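Participant: Single-letter residue listing:
4 protein chains.
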Amino acid sequence: MTSALWDPIFGRSHVTPSTDDQAWLAALCAVEAALARACADVGLIEPAVARRVADVCTAQAGTDPTALGAAAQADGNPVRPLVQELRAAVRPDDTWAVHFGATSQDVLDTAAMLVARDALAVIASALQSAADSCARLAAEHRDTAMVARTLLQQAVPTTFGTLAAGWGEGLDRAGQKLDAVQLAVQLGGGAGTLAGWYPHGPAVRSAFAAELGLTDPGTSWHTERGRIADLACALGVACGAVAKVSTDIVLLAQTEVGEVREGAGGESSTMAHKHNPIAAVTARAAAAQAPGLVATVLAAMPAELQRGAGPWHAEWPALTALLNTTGGAARRLADSLTDLQVDADAMVRNLRTLTGLAEPDLGHAGDIVDHFLKGRA
Amino acid sequence: MTSALWDPIFGRSHVTPSTDDQAWLAALCAVEAALARACADVGLIEPAVARRVADVCTAQAGTDPTALGAAAQADGNPVRPLVQELRAAVRPDDTWAVHFGATSQDVLDTAAMLVARDALAVIASALQSAADSCARLAAEHRDTAMVARTLLQQAVPTTFGTLAAGWGEGLDRAGQKLDAVQLAVQLGGGAGTLAGWYPHGPAVRSAFAAELGLTDPGTSWHTERGRIADLACALGVACGAVAKVSTDIVLLAQTEVGEVREGAGGESSTMAHKHNPIAAVTARAAAAQAPGLVATVLAAMPAELQRGAGPWHAEWPALTALLNTTGGAARRLADSLTDLQVDADAMVRNLRTLTGLAEPDLGHAGDIVDHFLKGRA
Amino acid sequence: MTSALWDPIFGRSHVTPSTDDQAWLAALCAVEAALARACADVGLIEPAVARRVADVCTAQAGTDPTALGAAAQADGNPVRPLVQELRAAVRPDDTWAVHFGATSQDVLDTAAMLVARDALAVIASALQSAADSCARLAAEHRDTAMVARTLLQQAVPTTFGTLAAGWGEGLDRAGQKLDAVQLAVQLGGGAGTLAGWYPHGPAVRSAFAAELGLTDPGTSWHTERGRIADLACALGVACGAVAKVSTDIVLLAQTEVGEVREGAGGESSTMAHKHNPIAAVTARAAAAQAPGLVATVLAAMPAELQRGAGPWHAEWPALTALLNTTGGAARRLADSLTDLQVDADAMVRNLRTLTGLAEPDLGHAGDIVDHFLKGRA
Amino acid sequence: MTSALWDPIFGRSHVTPSTDDQAWLAALCAVEAALARACADVGLIEPAVARRVADVCTAQAGTDPTALGAAAQADGNPVRPLVQELRAAVRPDDTWAVHFGATSQDVLDTAAMLVARDALAVIASALQSAADSCARLAAEHRDTAMVARTLLQQAVPTTFGTLAAGWGEGLDRAGQKLDAVQLAVQLGGGAGTLAGWYPHGPAVRSAFAAELGLTDPGTSWHTERGRIADLACALGVACGAVAKVSTDIVLLAQTEVGEVREGAGGESSTMAHKHNPIAAVTARAAAAQAPGLVATVLAAMPAELQRGAGPWHAEWPALTALLNTTGGAARRLADSLTDLQVDADAMVRNLRTLTGLAEPDLGHAGDIVDHFLKGRA
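Residue numbers (this note's numbering), protein chains in the order written: chain A, 21 to 397; chain B, 21 to 397; chain C, 21 to 397; chain D, 21 to 397.
If we strip away everything but chain A, and leave its shape as in the complex, we get (with noise of 0.2 Å):
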């Protein structure tokens, strides 16, 4: 799901390499191989045979997928072509270590768990470097006073410190929900009582997470899909995260506000002298995407019996779009913070409409920003 001429737009295009066609292949060879490996630990498979499959299994992460999405349509999934094709590509008495006591859904669900954490890992990178701006920012203007505007009406005093010590806390914060995730292997065969590598069957599931770097949950969760409803609702979260940040620099960038202006703002087709903030307003439309999307997932989690017939399936292009835009709205809203220029004098400016030449009283706004900055020295 990659568009050259949309991903640029929303900001994905730094996540779609971790979400296309070439990742979730790769992935799926990873977990297959992997599944080798974890039975050679436990000695369903030697050890020699383990690696020979493995091998054949990384070799077949860099083919085109496109004759596998082909045929994957027949059965609902790509998994048992991409058998055939690794059990044609090894040795002919080989073939029976190949996809060792699994089903489909095991090696589908812990794929997309791979594919997760790579989204993920560019998606925390483009919140940290996001709030890094609003700290530096807040450092910065930790006295710089502005009016408070509540209902988009002017209130009271307050520092712009404050403000984007606010926006850096909301995207903190979803950072780290996003990083309390636990992304764990699914392993459990047919029915998920784990027959197909009895009696090793924990074993092979807890050697199968530690050959991955994921969680060993303990148990199977093929249709208890509370881990993927967790994983869409932080990545929903940290969309309204940058939804807030975005919609705030929006909002003070307007001509009549004039208090922050992108370094980089778009030019209109017809009006030269804009300066329309783009990155924010296409961070927000990134983010917009997500609450319908975490509905989608959080709706399919009525998973059937011992496998969704229809929900399980519903899950992957919603959580694929929702890594996408998640990942894209807070890349749209670093590259917004990264450069913002802040008009001060414009803040004292419409302060003073309010306040006239009072000192503004400012309360806790310098302690707010401090606490902020140490919270993440």
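Hints are computed from structural coordinates only; laboratory data are not their basis.
Only pairs whose alpha carbons sit at most 25 Å apart, straight line, appear in this in silico SDA-like list of lysine to any residue:
| hint | chain 1 | residue 1 | chain 2 | residue 2 |
| --- | --- | --- | --- | --- |
| 1 | A | 294 | B | 115 |
| 2 | B | 294 | D | 371 |
| 3 | A | 294 | A | 362 |
| 4 | A | 294 | B | 103 |
| 5 | B | 394 | C | 202 |
| 6 | B | 294 | D | 377 |
| 7 | B | 197 | C | 202 |
| 8 | A | 294 | B | 120 |
| 9 | D | 197 | A | 144 |
| 10 | B | 197 | B | 237 |
| 11 | D | 294 | B | 364 |
| 12 | B | 197 | C | 238 |
| 13 | B | 197 | B | 34 |
| 14 | B | 294 | D | 375 |
| 15 | B | 294 | A | 115 |
| 16 | A | 394 | D | 223 |
| 17 | D | 294 | C | 90 |
| 18 | D | 197 | D | 137 |
| 19 | A | 197 | D | 200 |
| 20 | B | 294 | A | 107 |
| 21 | A | 294 | B | 104 |
| 22 | A | 197 | D | 201 |
| 23 | A | 394 | A | 160 |
| 24 | D | 394 | A | 223 |
| 25 | B | 197 | B | 156 |
| 26 | A | 197 | A | 145 |
| 27 | D | 197 | A | 204 |
| 28 | D | 394 | A | 218 |
| 29 | D | 294 | B | 276 |
| 30 | B | 294 | A | 108 |
| 31 | C | 197 | C | 358 |
| 32 | C | 197 | C | 137 |
| 33 | A | 394 | D | 204 |
| 34 | C | 394 | B | 230 |
| 35 | D | 394 | D | 358 |
| 36 | C | 294 | A | 377 |
| 37 | B | 294 | A | 116 |
| 38 | A | 394 | A | 162 |
Every value quoted in this text rests on a predicted model; they were computed, and no experiment measured them.
We have chain A; now place chains B, C and D onto it with these hints.
Facilitator: The following block gives chains B, C and D in isolation, referenced to the frame of chain A:
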């Protein structure tokens, strides 16, 4: 937003050529060409100049959209860089006639209607094919008694014809709703006042609509997004109609019910005896994307003042995804229905667990089928 | 689902009498009465019996719904206990004529249409009132120049009349969409085959519709929920139109912009100088409930086989909330617009920061207003 | 937002006393009382005055919220009229000590946390009860073989104990997530700078939190809505866990499957032989409200600058509905599970259509049950 790996699974491969980067570029170019011709129609541009501009636009449609996407990031949409490319490609003294009087949103909104029109044709055809299959099944099984299930409990007798007629009615209604969506040009200039074509504004808009075979809306809808929301809703309702039928197929195909079976069911990677109703399952999954996407489009309706600062941009990925997933859902359902195998013996057997050997009371079941078939004749 | 504390804030107090427990009970009773009379029309029940049954139904409408709610839990809907109460209240030898041939869903779905009809009348009136205010503002300010803001940046000149006309067009379109929603009876019996009234099924349905002033759908829609989804979508689009206008009011009322002001703005608990556009703010909040509720209704479309085992029930709270919040949003917007104060001097002042003293180029702004006003005349 | 007619059906009657008008009024009053006491703790108000103010607040909690609701419309929230009532009720020279230093949002946000805390206790108890039933079923049926169904097709053997353990794990995880949601006071004054309590701001906030038994967040979150979003998401995930289990119950209770049966199933108004799993059906319906409501809360995260002009207000109905529907869903599921009748013979019978008389391979099914039970011990 295409994927060689996932599009076939979700049935999107048929639609994505209407919504992919190349299709968008072609639509944008077609709009710029039509604008030049429309200006010529009212005498604002000489015919020869307009022809030359239109020719360049047409040629541009086939270029690679990658560079355009990269250049578009700074503006938040691809129109200004496209206009730059077009101006560089026309004769130097024709540059004034490119994008005459228009703003980016005019071009993008109108191009979106062209993209939607092409995608809707594909969607309509798939819905029609699915509804035709329902009509065939209803006719064939007009008198095939089965047990009605309410709250998934066996209840009283009905016929499979009645059920299939109900499926077809929902699909036909959804298709009619999609047909009724009015696709109108947007043309207004920077503020929606048609200032750039004064005093010929309404005439240019009318000619522009005629050139493109779209409706002349009689007004500017740059920030009155009801038309986009209507389109999104009609797509959402179509997905609901598809989800209803595919859910029923999955339920009737259950091993314990066994009343229908997909002709080309999917195989399991581990369980050879299974016969999965994969087309219906993936139709459900594709349709399940819609409610969240519709919510995204509805939530984007409040475009600020004379151009949405985020809400406008938020429509593009959601609307594109909605077109793709609706087309995919309809396609997969059509696939499922095309050679759906109905086991009338199983229907009788299941019915008899309820009624024994008594003649089932079928009420107006036959009349309902006849009414449906007559309505489509 | 009423609240003495919150309904006034969100403008719902006008609508909730049409959707509250008593209104639902009245609607359920009206449906049972109409069914008896419809059966009498075709000779299935003697006129005198039908009259007596209908009288009992009418009397029942005024009773306390509390006991009914408690009794309804065991069945998942209030129809069976209501029928029991009605049967206990009629003459012993009239009991057979109560709920003749019908299933619970027939009664509940049709009652929902009555509830919706009454609520829609309130909603339409509020939308109309808001649109009328837009027309008045558009006429008064046909030539009041203001600056158009795109991406919230000052762009080029327009008029406030043009903006108000656009608001009115959106509200009028939304009102027309709501008017166009067809409210049809549902009557089909346990399986939708009209078996209970055979061979008079279609005639009973037709008479039933005539009794209630609803549409005869010509079929059973017990699990073809497109009609409910259409209604939900029309409500969602209406909320979007309201949100657009109220967002613009909030933006124009910003202290720094100062171009409009609510006649009766809210006061702050701490800041006496503020003049909050509370009606517009709460209209936005009420309208913001809609996208998620529409998604809920769309996601409930796949009702299983002959009666949804959850999806059907899921419609009731979502649809009721949607009716209430749409009516509330429209009401609060109408409140905001009724005595919206427009500061034409501020508009000129803000425009001049852009254009200086040059005469603004207003293009077809006046024509746009005239077109809108003529269209409503 | 209570309904005597509908609340029992959706299981909400247990929760609504925690979220209804009276509960909100009590919470608002408790917050004002705690604020006075907190100010006394740091010496801003004399203890005797604070005590008198707190006593008046406590008395006010029991009054009728109707007049408050009517008065609240003008301000868009009930805090200012409540403060007026409180000031009218205290001794004239105590009025300054009412609502000392606070803004409406401080009181409303903190009251929302109290409402949420009470509702969460009810929800947690219902989830716990449902999970306990799962544990009992898992223990009882540790070795009851049944057929696993993937994509609703019979697949391979498993046990009912394994299924029930998976249900319980999902419910327990959801409960833990809800427990982990941090409910923090909001206290910041008009701009979030704690100016009204300077230099004691942080100390007042800390005392305020201690008075109410809520967390001191260390900052102002008036427009950093991540905490509200986290709460909404945890409720949404809980609904998903409930929906999973109730969907499975409905599927296993199908006439053709017949493996479980609700002890107290609903009766049909026309079909006496049916045994509807009404508690599970209405649990599904209640849970199905959640994804849309979560989307509404997420979409409201971008609260503008120092107080949301609509987004803030939009949280209240969505969050209240979410608390109610989650509690109702959990309650109805607990009802369903409490006396769920498991037909082990039917499970064996259905399994044998797949495996014949061969001993089913149950893999680690027993270990999975043991792991689950040990984890809760």
